[in-house]
Each structure stands twice: as structure tokens, then as C-alpha cells.
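A.B. asks: These are the residues of each chain, in order.
Number of protein chains: 2
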Amino acid sequence: MKESWSSFDASEPNFRPLVVIELAKGTKEETREWLTKRIVDKKANGGAQLLVKPLVTENGDQNIYLVGASPFRLLLGAEAVGLVKECNDNSMRTFTYSSRKTFKDFADDNHNFLTMAECQYIIKHELENLRAKDEKMIPGYPQAKLYPGKSIVRRLLTNDILVQIFPLHDREELKKLRHSWFGRVKIGYQPLDEIRCYFGETIALYFGFLEYFTFALIPMAVIGIPYYMFAWEDYDKYVMFAMFNLLWSTVILEVWKRFCAVMTYRWGTLLMKRQFEEPRPGFHGVLGINPVTGREEPVYSSIRRQIRIYLVSLPFVCLCLYVSFYVMMIYFDLEQWALDYHKENESSFSSLMLFVPSIIYAVVIEIMNRIYRYAAEFLTSWENHRLESSYQNHLILKVLVFNFLNCFASLFYIAFVLFDMKLLRQSLATLLVTSQILNQFVEAFLPYWLQKRHKKRMKKRMYSQKTDMDLSLVEQVNLEKEMGTYFGTFDDYLELFLQFGYVSLFSCVYPLAAIFAVLNNITEIYSDALKMCRVYKRPFAEPTASIGVWQLAFETMSVISVVTNCILIGMSPQVNALFPDSKMDLILTVALVEHMLLAMKFVMAFVIPDKPRDIRIKLARLEFESLEALKQQ
Amino acid sequence: MKESWSSFDASEPNFRPLVVIELAKGTKEETREWLTKRIVDKKANGGAQLLVKPLVTENGDQNIYLVGASPFRLLLGAEAVGLVKECNDNSMRTFTYSSRKTFKDFADDNHNFLTMAECQYIIKHELENLRAKDEKMIPGYPQAKLYPGKSIVRRLLTNDILVQIFPLHDREELKKLRHSWFGRVKIGYQPLDEIRCYFGETIALYFGFLEYFTFALIPMAVIGIPYYMFAWEDYDKYVMFAMFNLLWSTVILEVWKRFCAVMTYRWGTLLMKRQFEEPRPGFHGVLGINPVTGREEPVYSSIRRQIRIYLVSLPFVCLCLYVSFYVMMIYFDLEQWALDYHKENESSFSSLMLFVPSIIYAVVIEIMNRIYRYAAEFLTSWENHRLESSYQNHLILKVLVFNFLNCFASLFYIAFVLFDMKLLRQSLATLLVTSQILNQFVEAFLPYWLQKRHKKRMKKRMYSQKTDMDLSLVEQVNLEKEMGTYFGTFDDYLELFLQFGYVSLFSCVYPLAAIFAVLNNITEIYSDALKMCRVYKRPFAEPTASIGVWQLAFETMSVISVVTNCILIGMSPQVNALFPDSKMDLILTVALVEHMLLAMKFVMAFVIPDKPRDIRIKLARLEFESLEALKQQ
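If you read the protein sequences in the order shown, they are chains D and S.
Residue numbers for the first sequence follow our numbering, beginning at 1 and rising by one.
Residue numbers for the second sequence follow our numbering, beginning at 634 and rising by one.
Hints may contain errors.
Quick list of simulated restraints, FRET-style, between CB atoms [as the list claims (entries may be wrong)]:
#: 1; chain 1: D; residue 1: K145; chain 2: S; residue 2: V1182; range: 40 to 46 angstroms
#: 2; chain 1: S; residue 1: S724; chain 2: D; residue 2: K145; range: 41 to 47 angstroms
#: 3; chain 1: S; residue 1: S732; chain 2: D; residue 2: Q143; range: 42 to 48 angstroms
#: 4; chain 1: S; residue 1: S732; chain 2: D; residue 2: E628; range: 18 to 24 angstroms
#: 5; chain 1: D; residue 1: I309; chain 2: S; residue 2: Q908; range: 53 to 59 angstroms
#: 6; chain 1: S; residue 1: D966; chain 2: D; residue 2: R425; range: 52 to 58 angstroms
#: 7; chain 1: S; residue 1: A657; chain 2: D; residue 2: K104; range: 36 to 42 angstroms
Computed list of lysine-lysine pairs in DSS-like fashion (alpha-carbon distance at most 30 angstroms, straight line) [said to hold, decoys possible]:
#: 8; chain 1: S; residue 1: K1114; chain 2: S; residue 2: K1055
#: 9; chain 1: D; residue 1: K273; chain 2: S; residue 2: K766
#: 10; chain 1: D; residue 1: K583; chain 2: S; residue 2: K1055
#: 11; chain 1: S; residue 1: K1114; chain 2: D; residue 2: K618
#: 12; chain 1: S; residue 1: K1216; chain 2: S; residue 2: K809
#: 13; chain 1: S; residue 1: K1244; chain 2: D; residue 2: K257
#: 14; chain 1: S; residue 1: K1251; chain 2: D; residue 2: K150
#: 15; chain 1: S; residue 1: K1055; chain 2: D; residue 2: K257
#: 16; chain 1: D; residue 1: K28; chain 2: D; residue 2: K43
#: 17; chain 1: D; residue 1: K101; chain 2: D; residue 2: K28
#: 18; chain 1: D; residue 1: K257; chain 2: D; residue 2: K133
Hints are computed from structural coordinates only; laboratory data are not their basis.
Only a predicted model underlies this, so the values are computations on that prediction, with no experimental measurement involved.
We put the beta carbon where it would ideally sit given N, CA and C, even for glycine.
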């Protein structure tokens, strides 16, 4: 194997493969040579100064490369990406190579100062920042145009020369993580710090939020039990429960921000400066000058994008909403038909039939959600957003609106048009349980099973043609490159968001929803963990300081739920009985209470500080120090 | 006079007095000597390295000092406070002495690079940052304790040894400013950039907001005129007008943020880093360690402050609100009495009497507002906030809540309890006009008249005892030190806030309010300008990037006005006639419309970017450059 080693940096005998680059089969020799040269080239020559080792696959094709870096290079990279680490005095500071001795656990021979996930993030960052110098095109591919400053990896990706880049799993670490995460049956917290070390902050925050949210739902669930068991229908108990829920949901969302700040401070991402965002790979346009960087890059007029958004995407979304509405009306016809059928031929079969429309509808909703998702991705991609973050925000908005209507329209219709609380309760239960079962199945167990089958087949193939290669590494790479790609936390958050809707929008009608949600989330933690560890390729770590736009989405949901719950309470016969003479007084009272609750929510959100006091003090101290340092200059 | 010159920096013959320090009469010699020595001492010795010149007053008392600084010192100070100036390439950058040549209009012999207001701000900053070294007390005043790092000026202020520090007017500049501001009768914009150069950003932003707000009210006023003239009472026109108003108020508040960003970018304050805030002068506590700076300073437990806020201030505010409510009820009794009187003895006198209760009430409201203001200031000061900003926020909150109730409670009562639209219109008009007249009188003309009388007397006294001193400067200082102190923009914004309430809360009942507001604001601009230029001492410039908490206050008011206007429209007989059968449908429709309007407001506030595109690009470019510079290191 020694001869296939990257000969560009012979001074590094301990090559540790971190990231895998898979080129398309049959990529030209000159392209491969050029690319590896650019990757290993010195920084001064415009290279990435990393280490590369080709991996010879069974059929002799050299289209897979392992990328690593020397410890020194990684430390410089950590400085370049602005990693924040803990110092000897327990404060968090931005890492610089020159001040490396002041950091906790740093030693020149300690190669564990950076976690493997951080090293992989650094390599990804360096690869993405590998830019064209004076090349006009990718050697060997005249159609793949380059211009000075264009990210080479992004061009290779958009031209399908580069199939994928992914970080390698660390089998030892993964085993340890799996063991402490879901290896044994135990009641307790997830090892969030270990998850963060292995998968990065974005994924650790998702699991942190999932756990937090589950715990936060428990009080709702516990309080809901007696209402269900004893079928309490008293006015005051009803109102008490709803009031508690509404204020509770505000409190948990505010307190989550504090939790999140504590965690991300410890992880260093709260202090990490946002890097300048490069255009996303799919972005295209005519070559122009970026007004921010002054660099040549594709430019796409903002007005044309606005036109695409408002004249194509918006009408399309409205059309989809209409279709979803139409399907809902069909569901109600079906429901009516089932009811009529049950009335005519009363039997155990017919009473089972009563549930069929709901189940069909739940399945149809899931299918529509998934189809719409593809359409939304296509449209948002076509809108040609320059930044990945703006793309994500537009996609999330589209998907959220549709999913919200798709999932909750029928419930709103039942509640506020049909006024049928019994049907509402039944539909809510069916929708909630069906969607939870479906989700868990589609998300985790199906891919897990597929993955397992695939692994078996691969293993068989492997052993049949034994070579003298470092089998376990080649095997590992070949296995992992075929694993599914984890596309980020979007779907997981969306699922939680909809669940939060089921729990909070109609909480005073169906208190049991919180219990189902809690139960689902406990298994969800395990199935998501399984999915992360077993089913998917290891994702690149993404430093992040919060759950971003989802915080806003959850807060919006909790505002909407104030409105729905107030109306539901106002419609309940018990409350109606309190205002026997005048419907008007009832409505006015409900409206008044609703406005007061909303005002209270806003005041509470305003009064509860977003960061705990000690984090605020630590941040202020850092800011003060940097101001003082500036003055000393 | 030469011998009374500060002999510590003889190399500076062109002493330009910028700031006046007035010590208490009879301040001990040793204290005065120590203070001047500390002020002129080298930075390295812990001094402020400024220039000081005593001013001998008519009775020989040496208690007034003029402070200046060499141009070089001022440039260093500009770097210390983090001033942002325009560069030769038209970008805005933080000034540093080493990069001074890259800034626009900079030349070593150009002493106008910094405006006089900036120089005075720098001197104030340097004086406030003059800190005790190893002194245990102010020399000559054993009761005035010092500890290392304590701001000397703040200790002198709290012990009444220092009477005041204020910046001198520049009579030439002031004359020019007066001329272009209100010297000639003209229709046009205010010279905001010149106001900013002379008075600083906080005051310029206030006048900018006043002007912007006045222009923004014009469309409302114009649309309101025909409603009033033709007494349109159609349902649709009503609704149209209210809808326009409600959305318009959101738009103007959002667009103001953009205006504000454009202005403060040009002025450099948008980019200016917030300095570390020192404790406000009135703050006291036991000596401890500040967790942020690690310095010794008074510490006051946050819990004790919370107890004071929630157990004393909050009940007191509630009590005041109750009193205000009680006074309101008395007003209604009076109103009833006047009505009865008018009915019994119908005459022109009795019909005049109809207005008397409203006028009395308006005056009483003003008086109560002012008394409450003192109480609020006392209480907030007693709450012992460490920071001036936190003190201001608590004060503003207290005053806003009380003023809101005091001014609008009667209108709410008339509208939503008495349902008397005619009385509402009449009360609104009386309250609005009375408070506007009262305000203009109390705020500007009364102080102006007092000031003028005082000036005359002073001048007489001056000329009677002619000396060979530089008369005009001594005269100027003696005049200015007796002028009133401008306590910031609080009252001015409060007035605008209440006016905004009168205009928007009941806009669909009394469209003419906008016209009154516009007329008032036009004269308000002139009377405020007069007040700033003629009545008050020159205030220190305060760099600021926005109108701060007032933005939130105005936005809250615009949300409340959606609710009030929807209810008013729902109560109008025209709308009631549309729902002849069912009051319930009416209320539900109104509630639906209200919620949709509120949702629309939030969406609009979310969609309109807070900064215009070109400012965002400029900010992004700066951020990008600083990231690149960091990488280059």
C-alpha cells in the first residue's frame, strides 16, 4: 500500500483517513491528478495543504480518495473556521494557533484536542474553500467552466464529476456512543456532549430539543390523565387545564432558549462568529462582481427571483392548499358514507369501518405531504437562492404552511364548522396515532431494514474476493458510501412541530394527546438515534447556536393554539350554560380572555431573559476583555 | 490671563475651551489642585491628559474650569470611544490613529476632522473614565470615599463637590444652524446632518423621527378630510379608512427603521461598538468584585432590586393607576353635571360650560402626569439600577403605562362602556388640542421667556463691572451655566407617543386627529428647535443607532389600535345594520377581521427588511473584510 500513499507529504507517516471523496466512475486521469495536486498543494500556492490517499476498489477503479491532514494543519484550520474552545481558566475563547498553549487539554502531542467531527468539519471547510486560480475549466472537462475564486469542489459537484464527499465513521467511538446512548435500557438523559462530539452541534441540539420537549410535555400529560379518566367536564377544570397549557407552552419555549444557550456556550458555538456564506452549489447566474466581496462570481438579479417567488411559487402553493382542501372535503364525504353504512348495517365490521376514512385520510395526508415536499424542493431550488440559509428558509416556509393546513384543516373544519367535539376527538386521535406510527416506520425501521439487507449482501461480496488490502477500511468505505445520506434535521423538526400542533391546538378537547406525544417521543429518541448510528452515512458536523427558524415556528404555533383553545372553551356546553341569556356576552368574554392571554404570553416572552444570568455575565466579560484589549493596542 | 493657563502642557498655545466644569462654591484648594492635576496628568500616570484653564469669575471665586485637549489627544480619544468615520473610499470605518490618513477630509493640520460635538463627547468620556488609583478618598473630603478604579467625576458628582459638567456652545456654528434650521420661513426638510454635527445623534434622530412621523401622518390626514367634510358614514368607506390607517401605521414604523439605518450608517453610529457601561452615578452598594470586569466596585444584589421592584414599585404604580381611574370617574360626574346644567338653563354660557369639564380634566391629566413622573423617577432611582440604560427602561415603562391609562382611560370608558360616539369625538378633540397647547407652552415658550429675562439681567450685571478679561467667553460661560439642562429626549418622545395614540386608537371615529397632529408637529419642530438652541445648555452628544425602546412602544400602540378600531367599527350603526338578525355573527366577523389584521401586521413587519439593501450590502462587506483580515493574520 505504501506506494499509493500521497507522496506529497512524506513527513506524515500517521495518515488518519477522515473524509472520503468519491469521484464519478471513469473520471479522467488528468482530472484526478489535477484535483489531488490541488488538494495537497501548499496554501501559498493556493492549495488546501491536506493529505490524500487513493483507495483501490475491487475492480481496480481509482475513483475514491481518502483525505486527512497533519495535526498542525488541522490546528491552523481550526483557527480558520473560528472554532471556540475552553481555556485553562474555564472561559471559552476563539482558538488561535499562537495562543494554543492557553487552551484546556492542549498539548503538542495530544491529537485529541480536536474531536474527529471537528477535524472533518475543518477538512470539509478547506475543501470547499479550495478555489480556482487561473484555470478556465476543470482539466479534462471543457464544459465545467471555472473562473478565479470559484470553489472547485462546488463546480465538480454541479458537473457530477464529484459524486459525494462524506466523513468516515469512527467505529470505536460509534460503538461507545451507541452503548451510552441506546445500548442499554435505562431511564435517563441522553449523552448530549458525546453526541455533539460525534455528530456535531446541529444534531446534538435536535436531540437535546427532542429530550427537552418530551420532558416539557410530561406535566401536560400528567395533568391531562385525570380529565380523561374521570371524564371531568366542569367548566372551571376545563379552563384551568387550557390556561395551564397555554402559559406552559410559552414558558417551555422561553426556557428552551436558556437551555440552548447553556449548551451552546459549553460547546463554543454560541460565541462562534458566523462565517461568510458562499453561494450554494446549485446557484447559477451570469458572471458579475459580488458587491460584498468584490470577487467575480455568478450574479442573479433579485427582482427576477422575486418574480419567480411571487408569480410562480406563491400561486403554486395556493393551488396545493386548494387541492389539500378538496381532498379534505372528499374525506368528509367518505366519513358521512361510513356513518350511514354503520347506521344501516350495524355490525362489528361496520363499526370498524367507521375508522377507515380517518386512517385512509391520515395515509393520504402523509403521501401528499411527501409529494408536496418534492415539489417545494424543486420550486425553491428553481427560485435560485444565492445562500443555502435563504434556500432553507424559503423551503421551510413553503413546507410548513402546507403541512399545517394538510394536517390541521380537517380538525379545524370539524371543530369550527361542524361543531362536532366527539368527531374532533376521534379524528385527532386517529390522525395523531397513524401519523406517528407511519413516521417511525418510514423514517427509521424501513431504511434500517434496507441497510441491513444491503450490508449482508456487501459482506458476502467482500469475502468472496479476498485481497491483501487493509480490508476493514476498504470494506468500511464501500459500506458507508452506499449508505443513505442524512439530509439534515428538517424532517425531524417538522414531525415535532406537527406533534406540538396536535397537542396544543386542541389540548382542551383531547388532553390524552400529550401522553401519546410523550410515548412517541421516547421511542422517537431511540429510533432517531438508531437511524443516525446505523442507517445513514455520518453527516458533517454543523456548528450552530440555536434551533433557528424552528423556535419561531413553535412560538407561532403556540400563539395560534391560544386562539383555538379559547374558541373551543367558548363553544363547550358547560361554558355556554354560564351565559344562558346572551350569546354575545359569552363571545365578548371569550375574546377578552383570549386577548389577555395573548398579551400575557408576549409579556412573559419579554420578561424571561433569553440567556441565564451566568451566561450573560460570561459573554459580557468576553466583550469587556476584547474592548480592553483594543484599548491597550 | 497667561499665568492662569494650565502650565502642564505649554506646548499647546491654541487652547480651545470645549467643556466647562463647575465645582461647588468654596471647594477646598487642595481638592481643586488635585483634580486639575489628575485631569492634565499623562495617560501613563493614570491621568486624562487634557488641558485645563481656570476661569476667574467676577467675585474672584475659582470654581469654574474650562477643559480642552490637543488635536492629537482628541484623535487618540476618538479611537478610544470607537468613533466611526468615512474613509476615502466612501466606506465607514472605525477610526484608528494609525490609519488616520485613509479617512476622508483628514489632514494633520485640519482640526475640523472631528466635529465640536464629537470633541466634547470624547472629553466627557475621558473625564468619566478618569479613575482613582491609590487614593482612598477625595483630598479634602474624607467622606467621599474612593477605591481603585472608581470614576472620580462620578464620585465628585454624587458628593456634590462637582456641580455640573457641560459642553460650551459654539456661537458661530449655532447661529449658522439656527439660520438653516428655523431662521427663515421655508417648507422643506430640517438640516439633520447639521443638527447631528452640533447636538449629536440622539437629538438629530429625535428631530428626524419627528419630521418623518409628521410626513407619515399627512396621508392619514388627507384621507381623513373628506370623511369629515362630507360626514361620510357609509360602512365601506369607514372600514377602508380604518384598514388603511392600521396597515399604514405598520408600514411607517417598519420604513422608519430603514430610514433610521440609512441615517445612522451615514453618521457612523450604526457600526459603532457599544462601549462597556459603567454604573450610573446614583448607583450604590457594598464594595465587591464585578463579575464582568473583575474590578472592585459597589455591588447590589439583584434579588433585593427585584423585591423593591415587585413589592414596592409595582403596587405603587397600581395605586396610581387606581387614583387616575378615580379621577376619571369624577370627571364623568362633572360632565353629567354640566350636561344637566345645560339642559336646565340653555344659554351660550351653559353650552360653553359643556367644554369646561373636558378642559379641566385635560389640565388635571397633565398635572397628574407630571407629579407621577417625579414619583416614578424617585422610585426608579431607589430601585438602584446599576446601569443608566436599565434605569431608563424601567422609568420609561412606568411612565408609559401611567400616561397611557391617564390619557386614554376616559376615552376607552366613553367608547366601550358608555358607547357614546359623539362624546368620544368631543373628548378626543378637547384632550388632543388642550394637551398640545399645554405642552408647547410648558415645554418651549415658558422656559424661553424665563431664559430671556435671565439673560437680560445677566447682561446688565456684566457690563456694570467691566474688567480686562476675555469678556465674551466669561460672559458666555456665566450665561450658559445658568441655563436649564436638557434631560434628554424622553418627554419629547412621550408627547409623540401619546399623540400617536390619539391619532391611531380612535382613528375611525375622529379622522381629524391626524390633521391636528400634523399641524401640531410642524410648530413642534420649530418650538423644539428653539428650545434646543435658545433655552437649554448645550447637551453632550450621545451616539445612538436607533430610537431604541420607543420603536417598541410605538409598535405596541399600533397593535392596540387594531383592537380598538375593530371594536369601534363593529359598534357603528352602519355595520350593525349589515347584520340585522344576529349580533353574534357581527362579533364573530369583527373578531375574525381583527385577527387577520393582526396576523397581516406581523407578516408585514417580518417581510419588510429592517435595513435597505445597500446598507445591508455595505455592512456585509465590512464584516467580510474583517473576517478576511483575521484570516490574513
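A.B. asks: Next, verify each hint and record whether it holds.
C.D. replies: Here is how each hint holds up against the structure:
1. A beta carbon spacing of about 52 angstroms between K145 of chain D and V1182 of chain S contradicts the range 40 to 46 angstroms that was offered as a hint.
2. A C-beta distance of roughly 32 angstroms is found between S724 of chain S and K145 of chain D, which places it outside the suggested range of 41 to 47 angstroms.
3. Hint check: S732 of chain S to Q143 of chain D, Cβ distance near 46 angstroms, so the stated range 42 to 48 angstroms holds.
4. One distance hint, 18 to 24 angstroms for the beta-carbon pair S732 of chain S and E628 of chain D, holds here, with the actual separation near 20 angstroms.
5. Taking 53 to 59 angstroms as the suggested C-beta distance range, the pair I309 of chain D and Q908 of chain S does not conform, at roughly 41 angstroms.
6. Distance hint check: the CB atoms of D966 of chain S and R425 of chain D are about 53 angstroms apart, consistent with the given range 52 to 58 angstroms.
7. Take A657 of chain S and K104 of chain D: their Cβ atoms lie about 54 angstroms apart, and the range 36 to 42 angstroms is violated.
8. For the hint linking K1114 of chain S to K1055 of chain S, the alpha-carbon distance of about 51 angstroms lies beyond 30 angstroms, and the restraint is violated.
9. At most 30 angstroms may separate the alpha-carbon atoms for a hinted pair to count; K273 of chain D and K766 of chain S exceed this at roughly 37 angstroms.
10. As the CA atoms of K583 of chain D and K1055 of chain S are separated by approximately 28 angstroms, the hinted pair is consistent with the 30 angstroms bound.
11. A distance of roughly 43 angstroms separates the Cα atoms of K1114 of chain S and K618 of chain D; the hinted pair therefore is violated under the 30 angstroms criterion.
12. With a C-alpha separation of about 64 angstroms, the suggested pair K1216 of chain S and K809 of chain S falls outside the 30 angstroms cut-off, and the hint is violated.
13. Among the hinted pairs, K1244 of chain S with K257 of chain D is consistent with the structure: their alpha-carbon atoms are about 26 angstroms apart, no more than 30 angstroms.
14. Proximity of K1251 of chain S to K150 of chain D is assessed by CA-CA distance (about 22 angstroms); at most 30 angstroms being required, the pair is judged to hold.
15. Distance hint between K1055 of chain S and K257 of chain D is unfulfilled; the C-alpha atoms sit about 49 angstroms from each other, more than 30 angstroms.
16. Restraint check: the Cα-Cα separation between K28 of chain D and K43 of chain D comes to about 25 angstroms, which is no more than 30 angstroms; the hinted pair holds.
17. Restraint check: the Cα-Cα separation between K101 of chain D and K28 of chain D comes to about 45 angstroms, which exceeds 30 angstroms; the hinted pair is violated.
18. Taking the CA atoms of K257 of chain D and K133 of chain D, the gap is near 44 angstroms; set against the 30 angstroms cutoff, the hint is violated.
Consistency with the previously given hints fails for numbers 1, 2, 5, 7, 8, 9, 11, 12, 15, 17 and 18, ordered from lowest to highest.
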